[in-house]
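Chemist: Please model the entire structure based on the sequences and the hints provided.
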Amino acid sequence: MDGLLTEAFLSSLFTGAIVAAVPMLLAGLGEQMSEKAGVLNIGIEGMMLMGAYMGFLVAFKTDSLWLGFVGGILGGLMVAIAMAVLCVRLGLNQIVIGIGLTLGAEGLTALLHHFQFSRTYPRLPVPERLNIPGLTDLPVIGPSLFGRHLIVYLALLAVIILALLYRRTNLGMTLRAAGESPAALDVAGGNVLGIRVFAVLFTGAMAGLGGAYLANIGAGLFVPFMTGGAGFIGIVLAMLARGRPFWVLIGSLIFGAALSLTTALQVAGSNIPTDVIQMLPFAAVMLVLVLFGRRAKLPSALGAAYERGAR
Amino acid sequence: MTMKNKTNPGSVDQGASAADAAGPATERSALQRFLTVTIGPIVAAFLLSAIILMLVGINPLTYYGYILERSLFSGLGLEQTATRMAPLLFLCASLIIAFRAGIWNLGTDGQFLLGAVVAAATAPLLVGVLPGWAVLLVGFSLAAIVGAVWSIIPALLKAYQGVNEIITTLMMSFLGVLLASTLVKLVFRDPATTVPQTRTLPVADRLPRLFDTTISSGLIWGLVAVLLVHLMMTRTSFGLRLRMVGANPAAATHAGLSVPLLTLATFGLSAGFAGLSGASEILGVAGNVRANWNPAYGLMVIPLVFLARFHGVGAIVLVFFYSALLIGSESAARRLGVPQDFTLVLVASLLICLGLGEYIDHHKRKKER
Amino acid sequence: MALATETPTNLSPQKGTGIIGVHGVTKRFPGVIAVNNVSLSIHPGEVHVLLGENGAGKSTLVGMLAGLQEPDEGYLTLEGQKTRLASPSASLDAGISTVFQHSMLVPTLTVFENLTLGAPWYERPPRAAITQRMEELKRDFALSLPLDAITGELSLGQQQQIEIARALLRDSKVLILDEATSMLTPQGAEELGARMQKLVQGGLAVIFITHKLAEAYRFGTRISVLKQGALAGEMGPEDLRGMSEDQAVDEIVRLMFGREAGAASAELRASTARAETVLKVTDLSTRGDSNVMGLQNISLDLKAGEILGVAGIDGNGQKQLAEALAGQRALAGGRVEIDGEDISLASVAQRRRKGLRYLTDDRLSEGSVGAFPISENTVLKDIGQPPFWTNGIERPHRIAQHARDLIAKFSVRTPSETTPIGRLSGGNIQKVLLGRELSGDARVVVFNKPTYGLDLQNIDTSRQRIAEIASRGLGVVLISTDLDELMALSDRIAVMEGGRVRGILRNDGSGEVLRLRIGRMMAGEEEQKQATA
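Taken in sequence, the protein lines are chains G, S and V.
Taken in order, the first sequence gives residues 1 to 311; the numbers are from full-length UniProt numbering.
Taken in order, the second sequence gives residues 1 to 369; the numbers are from full-length UniProt numbering.
Taken in order, the third sequence gives residues 1 to 533; the numbers are from full-length UniProt numbering.
Just so you know, these hints were derived from the structure itself, not from any lab.
Check the hints yourself; a few may be wrong.
[As the list claims (entries may be wrong)] Think about it this way: if two alpha-carbon atoms lie no more than 20 Å apart in a straight line, the pair counts; the simulated SDA-like pairs of lysine to any residue are: (1) K364(S) x D72(V); (2) K366(S) x Q69(V); (3) K61(G) x G218(G).
Modeler: Encoded structure:
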């Protein structure tokens, strides 16, 4: 396999890594906020899928990728609203409802897609890309780093903005208090349910955007069940990142690289079945959990509903 | 990475044992409670799903009627329903152990498929070498072992590092599904076929059918498994130890139980039954595993086990109806053009309505006091 | 800062409804009336003591003032205006700050973050302003706090200062301190008393909740006594000024318990210690980490029929000691012997069979499984053992019979043995657990805070039972944070601080002298001339 280090291989590896990383990055950043606030958001896979479907549908109908992203955010928010009402306001079991919402979104998007498009999978036009003269023309990394859709750079910007918000405002502290000891936040005059609802909705918006990216930019089409566990990987990224947005970025790039090996190896003409390569990100997650599981510290009130006065 | 036991599935059990303990004086409220937390959610889930059907332009009455007619009111349909129950029952056994012991085993899909693949890979090769019953026994045993082995990493991480098993079992499940598919394509592939699939166990060597029907006797083994698990969890010292770890790990440590060892045992048993479930489908019905085959029963059985409040008999009843729903909807997908994924919507509605039912019940009882 | 500039001359607290008025307030919980038609008025410049035993309704009253609960009947007034405190933030906005009995700080945040907790999320933390005001607090009230330290790493006394500082930073008019001295050494409690005096001189109203009589007299300007949810009596500044401490305490005791009760608790138990040693602990050590205190070189011995008290401020290794004795916590070094037999490596179950029993202080989350019926809870430490199980199969009738016997013998009040134990009151759960520990051949019983959170009657019964257990020849290790309890029951008292035993004192009935020595040891001072047995 002397074709492994060719420019085509490396270029498709880098490009693929970034394309695959962005949805996980967005989902991970979203989930991170929920987890900080004490909500284990297992429904994120459903939020992503709904975002992918709605994002694709809007983009397909309006011929506008940007409206498609808005549609994706709204799709994710729809599921997140259900999660916020059921798990935060009513305090229902976050895992049962999370599984329910994920299954529901899987079924609903498959059903809607079926009645909308029957058995066809129409494609969106290839999106226009940012083109920075000079940089984009660099060999290997040029097209992958500097020739992406603008949304990629917005995702990177989100990392920086979140890091600043967590560090410079009361947001990080309030979220952590809601996740560590909600009663303490409550008696200090904070709004536990409010901040948790906010966090869940933010997760939904980010996951929905990630789903829309997956469908509209990553694949160019919608296929039922297309998220294939990316939302769950987002959960793991958030757990391992221990509250730091930059670590989510690094983690998502590593997982993205593992995922993109699939296409890159196919470009290189390898005949390893795709199943094996698709296992890589999950295997990587397990490896990381085996090595660093103990350090993946979670907030102590994670998963527990807050009810004032209940001990 | 510790999880408060508030989130563990065993805590849902509280209401159940409280209801069991209530004397005859509260019979009426027990009935009300049954309506709120069992019948109510089922009805609500069907209504909610009916609305979704109407939105996509399907008459829900036609759809539900067709399902009933196809799965329960036709002889063949009923037999298919009964046959389909077998793997679901083994999965119920698996989840009853896990949930009563406070463990979220969300990895049953991977354990199921790997069990199925191993059974499909070995059983056809052993035909003629071993007597028929031994072939099946080896197939089932290997499936149980492989299922259990696939839970070792989450089990060890949970028992000794406190790593949340929800994530690890889900990840192992994704891995297991892909590995099963890879094994079928690369290792256990039947050289005689063009489609990637394992060798096929001849019909004569599969689990015998019941009487003159097409019902696989896997049904009987599934029923036995659920009932045995139920008795084990409620009537033996081992079951009480597991339940105690599930209900209150601190109290279990205080009483001198080894929580890590019991956690490992829970994973092993639960995943072992998931493996058996896969084997029951292969050795009873399918005979082989095709590449990329994944019925994904695992997560779908969860609401049934919750609805049954982890009770074996209740689970059996619910599995019967759920099995009918599956058979009916498969047929409806062909005849009415409603994709089978609709059952996912129904199951999801069931989970959510179940949660709401618990919520209403909880608040009613709070008011009463 | 506003407080410091205000002069005490404009205070005439005795008149009017005060800054807060509580008017005929009633609060019911399932099965109990927690607060029954209570009326109070809180005045600026006063330390208003709310005194009452556990369960008298103090905490519920605090909860209503803090906005955690709302009254079922009656109402609250703020400076004469009728008001509703529907949430903690409403209470804070009304100028009421509460320091709860259990720390209400986020342990993983810094001191600074905890001081600003509750501020809108989009704002930037006002670092400079807080730093400056902390300087003022340091000057005026000797409150000195490391702003960037992680809160969980500070002592409980310092954490309490954070909460007081937080109240002052908010310019509160009323400061509520709920059982604020329970985590402090006697000396720390004195400091808090002095600080409260300074605060009220600055014009603040302080509500000080306690169940300790002496504190009430020493710190209080006005004392209201609560009994079973109702106001049993009030002593204003004029009343208190004219009384000596003894007179005041007598009067309070009369209000709280009626006349007889006070005398009984002070009586020293006659020793029933015998010659043979039942429990011997030599150089016991356990590992600790950031959450759990490690034990260092603990040596004790216990005679049959003897009660060895273990005193100390909560969280100085008492629970770890109990767990190490029971076999729940692995030893890093040293040995434990029961009747001369080394059991250092024995499991919980093995130690139990040898006669070592441990009654945990955490009745609900460790001692029992709330959802399980009483019957199962009585045998949780004997799972799989005959006669309750044969070959691993449960024998429900044997278990039920055993539970019924236990219910009768320990007079547990319950509808039946099938009732989930979580539905019983704390006192009844305690009886079930005690029955479980005493069944079979017990030799040594380790009690961890056996009367904590019980009502007066159950406290008395429990103490009598402990004395009776010792008189039957069992060795008793009695861990308690209640010095009166230890001094009433123990033969000797070991004082723990920082995971060590600072000294073991013979309970010679010397009262206040002994209390002072114990207090000093609790603060970490080594006792030079140990009263060895």
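Chemist: Confirm or reject each hint.
Modeler: To see whether the hints hold, each was checked on the structure:
1. K364(S) x D72(V): Holds, because 19 Å separates the two Cα atoms, which is no more than 20 Å.
2. K366(S) x Q69(V): The hint holds at about 16 Å.
3. K61(G) x G218(G): 18 Å, holds
Every hint, counting from the list given before, is met by this structure.
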